[in-house]
Structures are given as structure tokens and as C-alpha cells.
Amino acid sequence: MSPIIRIDKIADHVGQEVTLQGWLQLKTGKGKLQFLRVRDGSGVIQAVIFKGNVSEEMFEAAKRLPIESSLVISGTVRADERAPGIPGGFELDVNALEVVQESAEYPIGLKEHGVEFLMDHRHLWLRSNRQWAIMRVRATIVKAIRDWLDNNGFTLVDTPILTPSAAEGTTTLFKTDFHGEDAFLAQTGQLYNEVNIFSVGRTYCFGPTFRAEKSKTRRHLQEFWMVEPEIAFCKLEELLEIEEQFVSYIVQTTLHERAAELKLLERDTSFLERIVPPFPRISYDEAVEMINRAAAAGATVPPNDEPVPAMEWGGDFGAPHETYIAGQFDRPVFVHHYPTAVKAFYMEPEPGRPEVCRSADLLAPEGYGEIIGGSERMSDPDVLLAAIDRHGLPREAYEWYVDLRRYGSTPHSGFGLGVERTVAWICGLDHIRETIAFPRMLNRLRP
RNA sequence: UCCGCGAUAGCUCAAUCGGCAGAGCAAGCGGCUGUUAACCGCAAGGUUGGAGGUUCGAGUCCUCCUCGCGGAGCCA
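Take the first sequence: its position 251, counted from the start at 1, is 253 in this note's numbering, and no numbers get skipped.
Treat the hints as calculated values from the structure; they're not laboratory data. Every residue, glycine too, gets a C-beta built ideally from N, C-alpha and C. It is possible that some hints are incorrect.
Okay, derived cross-link-like pairs now, DSSO-like style, lysine-lysine, Cα gap no bigger than 27 Å in a straight line [unchecked claim]:
1. K145 <-> K11
2. K113 <-> K145
3. K53 <-> K34
4. K216 <-> K265
5. K53 <-> K65
6. K113 <-> K65
7. K29 <-> K265
Ranges of calculated distance between the beta carbons of each label pair, as one might list FRET restraints [to be verified]:
8. S72 <-> P5: 54 to 60 Å
9. K265 <-> G111: 21 to 27 Å
10. P162 <-> K265: 38 to 44 Å
11. R84 <-> K265: 48 to 54 Å
12. R8 <-> L28: 29 to 35 Å
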């Protein structure tokens, strides 16, 4: 048998006889010709069977082969501009076909399907070109995240999923039973990261997090992946420099390594090519002014041309606010110094202006919303204890957390980046549910 | 939790004012040596989400329920 190769290496084998292992994605025929579009996980190629080149039985088998049948085919690789595929431009002139399994009638066709049908068939939907491309982009984004952090002095230290208490309130936690005691699925690893910086200086955790929010929007999942870096001896200004380098590396690496997949997704990559440091920075105060000027002028935001509502200083932004602000810039924008009252208890107040804190969110362009939330953390034990009291949190539960400020405390900062929102942004998707293989949403636990 | 929209063939949808349930695709059969979601022909495909009501007559109107979609709040 000729050597088995993967389709992404097809260009290296023009003129040679090779064997491919994969699945029949699409078939069309014209009399004595059968065109089989075959995918193998690395790409897609058109295989052409001419009746005169194979046995009568083999040609008939090919002619009646259902899509998604698994097969092994051998033939000669030929460059042909007409040939579709990933990469396109090559086809296999088939001389042998082995059907591994003839597929049952496949539920998913190439025509349109509704969301519910596709989600019910997620286990099959993932085979489609579009979902394949998204999973490949996601894998590259995850690798870029890890590579950048590993190459910039960060040490991965895993944080627990089962936790005894809430980090930031208790309304959105999934409760589980820990041998008779209430335990909760983690919604952040940050507090543990703050432990770990005192060991390794720069750390990150990377894993699934859980939010039992009753959120039903294109930006929310119940289970999502978050990378949370935390840095000792780092103040807010330095944190933002790290974040913009990090995000730019992720975008540029993905552009470079997954160009074919982004093209398949019809992503306009000119938006992504601009993503290089520095990112614009505006204060919360400035953002509120921008919003209210826009509201007074009757500005609207895409995609539905909603009017931008006015807002008072002190509130958090709604979705149209975020979309409007992000829309004023051609790259992600930092909004810093949010009101202390709307942010988590551990954020460092601005000296001389305690009503705002040393926090910054990063808003992605094109309406993708907040992809990073970060801040400088409180470093003084007494200030932290006062904040814990002010938020009505039990001191006992946070004793170990306050201890970190008693034994060699330093300024330190960190942030969390939501992987699925980042994937949705880079891929240009209109819903986050396609960014993870098996999304867990408000009304979706299976498959 | 709240607001809005929806559920008809395996899939995507149509059905006028309340008056015979209809297309495309898929699956089946036949044809074609360059198809790109091929095309042409034939044949087949229905408990209109569920329960009740109004009516001579309900896919269509009313009530309740179930499920889904979009959004709000909250967040990454």
C-alpha cells in the first residue's frame, strides 16, 4: 500500500501515490465520474474516481456511498486549480477505495439548520468544516496563552475547582455536596493565585470556571475557561502593559498559524492585524462622559441600532455602553478606575480618591464586550479587613487571605481572560456557544 | 426572574379573510466524463409541540402548559 499521509501535507506529495484515511464529507457524480470530498481532521480534499480507472464493483460502491462513511482511499496526488478543499488546489486521482464503515443516513445536511437541531446534534455538528475550524483556532489560542506566559516568567500553578466559599458573592455559584459539607464549583482561582505569587512570583491558573447565572445571552456560558495570571511587585500601570502584550501575541499568533481556518470562517482579518500595542486607555470617568455625550446626540450601536442610554456616574456599564465605547477605537480599549462600589472587595482603592479602585477591564472591538477583568489587589491587611467587613463577608473564611498581607506583602496585580469570548472575537462568531465543544448554557446540559 | 418572538414532512420553510397540507433539500429509483450546497426526470414523505375551548369548519382565533430563540439584569 502507498504511504498514509495527512491532507495538510498534501502539497509535499504532488505526483506521488498516497493513501488517505478519513470520512466522506460530500459526494457528487456525473456519469462516469464521482467526486468525493474527503476530510481527515487535518484538511479536506477532493478525490476523483473515473469509472475506467477502478473495478466496476469499486465504482458502484463509491457511487452509492453515504456521506460520513469512513474510508481509506489511495491514488495519485494532482495539482488542479479547480479542486476545492483545505488547502484547496489538490485532488486525489483514485485507484483504490476501501469502505471502513458505510454510514447510516446522516442527520446533518449541507443546507441550513436551526440552532436547536444543531445543538441537539452537537456530537455530529463538530465534524463540520466550520466547527472544525473553530476548534482548531481555539486550540491555537490556548497554546498561545500558555506559550506567552511560560516564556515571560509565569509558573502554572493549578487552583482547586471544589471550593468552600465564594470569592465574590454567593448568588452565582453551583453548589455541590462535599461529604455533607456545602462546596462550590470555582468561579475564579484568583485568591489562590495570590497565595502562589508569594512562592513563584508570577503565576497563572488555567481551567474551567462555573457561574450559575441566569444569563441567556450570546456572551454567556455556565461553564467557561479562564486564564488568570497574577504578578507580584506589579501595579496597575504595569499590569496593563502586560495585558496588551499578551493579547496582541495571542491575536498575531492565531492570525499567523490559523489563516486557513479564519478564511473558512470568513473572518475579516484586517480588524485583527491592527491588534498591536499600545491599546488606548480611558478612565471610567471619561467613559461615562463619552456615553452621555453619545446618548444626548442620539447615537446608536450595532447590530440593531439600539440607542445608547444615558447613565449616571457610579453604575456599571450595560451591553450597549460597552459596545459604544469599544466602537470608538480600532483595537481593544482599557477602561480603568471603576467605582469601588461596583467592583470586587479586594481591589486597591486609588490613593486620595477611594471612591474609585485601581481596576481595568479590557473591552474587545466589534461588540464582543469585556474579555479581561483585572486590578491591583489590596496589599495592606487593615484596608483589606475593612473591605471584608464592609461587604459583609465572614472574616474567618478569609483569614488565610489576609495572612498574605502580613508576611512580606507587596503590591500585586492580576487579571482574568475569558477564553470563549476571545475565541468568539478572533473567529468573528455571533454566539459564544460555538467556541467550546460542549457548551453548558442555561438550558443546555447535553450532549 | 422580566420583556419580546417562535414550534407545520428527517431538515429549512410556505400556506391570503377561518375553507382541499405545499415547496426546496435529504433519503429511494433512473440519467449524465469536471462536479463545487451540481443538474435533469420519477416516486415517496404529515397525529401542524401538548391539553382544552369557540365554530358548520381551526395550521390559522382564545386559554393553559411544555420546549426553544433573542434580549435585560449579572458577568469573562
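Comparing the hints with the structure gives:
A C-alpha spacing of about 22 Å is found between K145 and K11, which places the hinted pair at or below 27 Å, so the restraint holds. Distance check on the hinted pair: K113 and K145 sit about 33 Å apart at the alpha-carbon level, beyond 27 Å; violated. The suggested pairing of K53 with K34 holds, with an alpha-carbon distance near 5 Å, which does not exceed 27 Å. Distance restraint check for K216 and K265: the Cα-Cα separation of roughly 35 Å exceeds the 27 Å cut-off, and the hinted pair is therefore not satisfied.
A hinted pair counts as satisfied when its Cα atoms are at most 27 Å apart, and K53 with K65 qualifies at roughly 10 Å. Using a Cα cut-off of 27 Å, the hinted pair K113 and K65 holds, with the two alpha carbons roughly 21 Å apart. Of the supplied pair hints, the one linking K29 and K265 holds, its CA atoms being roughly 23 Å apart against a limit of 27 Å. The supplied range of 54 to 60 Å is broken by S72 and P5, whose beta-carbon atoms lie about 19 Å from each other.
Between K265 and G111 the C-beta distance comes to about 23 Å, which sits within the given range of 21 to 27 Å. The supplied range of 38 to 44 Å is met by P162 and K265, whose beta-carbon atoms lie about 40 Å from each other. Taking the beta carbon of each, R84 and K265 are about 18 Å apart, not inside 48 to 54 Å as hinted. One distance hint, 29 to 35 Å for the beta-carbon pair R8 and L28, is violated here, with the actual separation near 19 Å.
In this structure, the hints that do not hold are numbers 2, 4, 8, 11 and 12, in rising order.
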